[in-house]
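Engineer: Keeping their order, the protein sequence lines are chains S and P. According to the numbering used here, the first sequence holds residues 1 to 206 in order. According to the numbering used here, the second sequence holds residues 1 to 525 in order.
These aren't lab readings, by the way, just hints derived from the structure by calculation. Since this is a predicted model, take the numbers as computed values, not measurements. Heads up, some of the hints might be wrong.
What the hints assert, rightly or not - Calculated lysine-lysine pairs in the DSSO-like style (CA-CA distance at most 27 Å, straight line):
| hint | chain 1 | residue 1 | chain 2 | residue 2 |
| --- | --- | --- | --- | --- |
| 1 | P | Lys186 | P | Lys247 |
| 2 | P | Lys222 | S | Lys105 |
| 3 | S | Lys105 | P | Lys315 |
| 4 | P | Lys247 | P | Lys49 |
| 5 | P | Lys74 | P | Lys49 |
| 6 | P | Lys241 | P | Lys165 |
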Amino acid sequence: MKLSARLAIVAAAWLLVVTFSALAADVDPGLCTLCHGTEARGNAAVRAPRLAGLAPWYLQGQIRAYQANLRGIHPTDLPGNEMRFIAATLTDEAAVDEVLVRFSKGTPTASTSTVSGDAVRGEQLYASCAACHGGRGEGNESLKAPALAGGSDWYQLAQLRNFTQGLRGTEAADPTGQQMRAAASALPDSQAAADVVAYISTLRGL
Amino acid sequence: MTQPFSRRSFLQLAGALGGSAAVYRTAFGLGLMPSGPGGERPDLAPLPKTGRKSVLILGAGIGGLTAAYELSRKGYDVRVLEASHRAGGRNLTIRSGDLVDEVGRPQVCRFDRDPDLYFNAGPARIPGHHTALLGYCRELGVELAPFINENRNAWVQDDSTNGGKPLRNREYATDTRGFVSELVAKSMNPAHFDADLTPDDVMRLREFFRQFGELESDFSYKGSSRAGLASHDYTSPSELKAPAGFKDLLHSPIMSTLNFGDSYDQSAMLMEPVGGMDRVVAGFMAKVGRLVRTHAVVEKITLQPEGVEVAYREKGGLRVARADFCLNSIPSHLLAGIEHNFPAEYTTGLAAIPRGKLSKIGLQSRTRFWEREGIYGGISWTMQDITQIWYPAHGIHRQKGVVLGLYNFNDAVGEKLGRLTHEQRMELALSQGEKVHPDYRSQIESGVSVVWHRMNHMLGCSARWSDELRSQWYARLQAPVGNHYLIGDQMSYHPGWQEGAIHSAFHALADIDQRVRASRAQVSA
Chain S
1 MKLSARLAIV AAAWLLVVTF SALAADVDPG LCTLCHGTEA RGNAAVRAPR LAGLAPWYLQ
61 GQIRAYQANL RGIHPTDLPG NEMRFIAATL TDEAAVDEVL VRFSKGTPTA STSTVSGDAV
121 RGEQLYASCA ACHGGRGEGN ESLKAPALAG GSDWYQLAQL RNFTQGLRGT EAADPTGQQM
181 RAAASALPDS QAAADVVAYI STLRGL
Chain P
1 MTQPFSRRSF LQLAGALGGS AAVYRTAFGL GLMPSGPGGE RPDLAPLPKT GRKSVLILGA
61 GIGGLTAAYE LSRKGYDVRV LEASHRAGGR NLTIRSGDLV DEVGRPQVCR FDRDPDLYFN
121 AGPARIPGHH TALLGYCREL GVELAPFINE NRNAWVQDDS TNGGKPLRNR EYATDTRGFV
181 SELVAKSMNP AHFDADLTPD DVMRLREFFR QFGELESDFS YKGSSRAGLA SHDYTSPSEL
241 KAPAGFKDLL HSPIMSTLNF GDSYDQSAML MEPVGGMDRV VAGFMAKVGR LVRTHAVVEK
301 ITLQPEGVEV AYREKGGLRV ARADFCLNSI PSHLLAGIEH NFPAEYTTGL AAIPRGKLSK
361 IGLQSRTRFW EREGIYGGIS WTMQDITQIW YPAHGIHRQK GVVLGLYNFN DAVGEKLGRL
421 THEQRMELAL SQGEKVHPDY RSQIESGVSV VWHRMNHMLG CSARWSDELR SQWYARLQAP
481 VGNHYLIGDQ MSYHPGWQEG AIHSAFHALA DIDQRVRASR AQVSA
């Protein structure tokens, strides 16, 4: 075989490898931003929370929780179900992590407040939350407690309700979820969740 | 003096009792009847070669394509950015090999490759008064055929009625009408009417109801041949069917479906394009296809003092386009997640409009078993999640056909379908369809499910405006922000209908035309 022909074959094979590895390592961020917004700042209209600015370990942990059927399994948790189906398609861990890291570097916009609650009462109630999530809502990786400051209030309220109503945090294999379920259930009444969220909206993190 | 009514006097009375006047009022109230220059196709002033204006259209659905067609032939520079792999938006006809781009769960249609084996997963009917769309069909050479909405031979089924066994539509409708007529004719009391009725008037009304329900001379209902016949061999006397039990009919939720085909947009005459609703898209694309870029996903919209800048992702790269005007048909709930510099309250309005969660399932059947049941086109009703089964009016007497095995417009059911895998949806369609057609399961070869609020670049079906949201947001969102206009069926009083999308484009085009004319007058002054 002529050298040029052999070179052509090698080049073709190399191209094939590159193409396939590129395909394999490819997670289309558009799959995420379709719902979570172009800059992953969240979109309440389709019940997709902000991802921008959240720590990679938290985002990764939640993707894994969805994939392990620890979250989004309750039939009435509609957005959770939708996210679980999407998470199931994200099989390339490294590529997913790359996208999540990119989102975590994003800057959240100042959220508009949609929940009306008593922030003064919320501040008192928040004292027990601060133990894990930090006094300024900055989060604590060693406790697997995500940052709350800068989050979408509608989402936080929905999650507190999901925890108390048993839509989230019920699985034995999800100890941090179970902890959060216990903590949320300790809120004295249904107004308390809105009050806490109203207070969290005033926090600015670190 | 009692005389049997002639056909003419019957028709006169029927008209007087509601008829066209009521229909007209309803239509007018819904804003369907053209009531001024705003409702017509705008007569855009053609632009000279120098001094052209550019327009960027976001979304190649019917609204966007209408705008592209009208603007481009009047000298505007037009570009259309479409996020998905195809033009048409929710005007979607599915055939063999087509991709159904559901987020995270794509399907490929496995119907046989055959021009008659398709279904319309989005709009499927064109009422005779949707003059704008019909006008485009005429102009773009889209061949039309009658669409059959109501078929008295089709079935109605509910678990609480007739022991769960389906009844012919004609049986249910006739018996209900018979019983209601008997009830009214026997209990009619002039003192209960506001209108001044003479004894003669009451007599006439009773006579009307005798004919309306085909009652006996003593105003009792004993059955009618309109319900179909118990025995009928054409060469010997036929036998009436015994009427169903009145209470049974009354307690059946099927009652709620009886007037479906009477509404302004659902009553005869309806049309459909021959070969699929997307022939309308093909007609537009033949004219403006060169202006449409697919796979172009908008990431940011920036209002500028003299125009609009749009950043979009195409083939992995970020591109920027600028234009004098932007017509945007991106669904409001998706637009809420796209970066922009819209005024804050405009943004709040975008996020406030709920999205519809409608779904359809198309099923390929190995034989046209419904035709052996005397059903040629039309719709069967069942009070299950699948709601309706549609039979194709094209390809009659060929071997195979595609039925619509589910058409759901209840958002709660839509959410349930969204949680199911395609295989689970198929099982749901088969197990519920079996109650209408016992042999259903063995007939169905393959299927496609389209759950609109899970479709990529859509995440929703028709906008769910409430009266309250309308009064709060409609005018605000319909008005331009800078040189940016929100269009699409979402910006009409007719969401879910192509006619609404077209008129939303007309509305924006008329405004742009006015502005362009004004600015040119200024220049020449």
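Engineer: Hints first: check each against the structure and report whether it holds.
Structural biologist: Verification of the hints:
1. Lys186/P - Lys247/P: Distance of about 17 Å is within 27 Å: holds.
2. Lys222/P - Lys105/S: Violated, because 77 Å separates the two Cα atoms, which is more than 27 Å.
3. Lys105/S - Lys315/P: 23 Å, holds
4. Lys247/P - Lys49/P: 72 Å, violated
5. Lys74/P - Lys49/P: 10 Å, holds
6. Lys241/P - Lys165/P: Roughly 16 Å between the alpha carbons, so the hint for lysine 241/P and lysine 165/P holds.
Going through the hint list in order, the structure does not satisfy hints 2 and 4.
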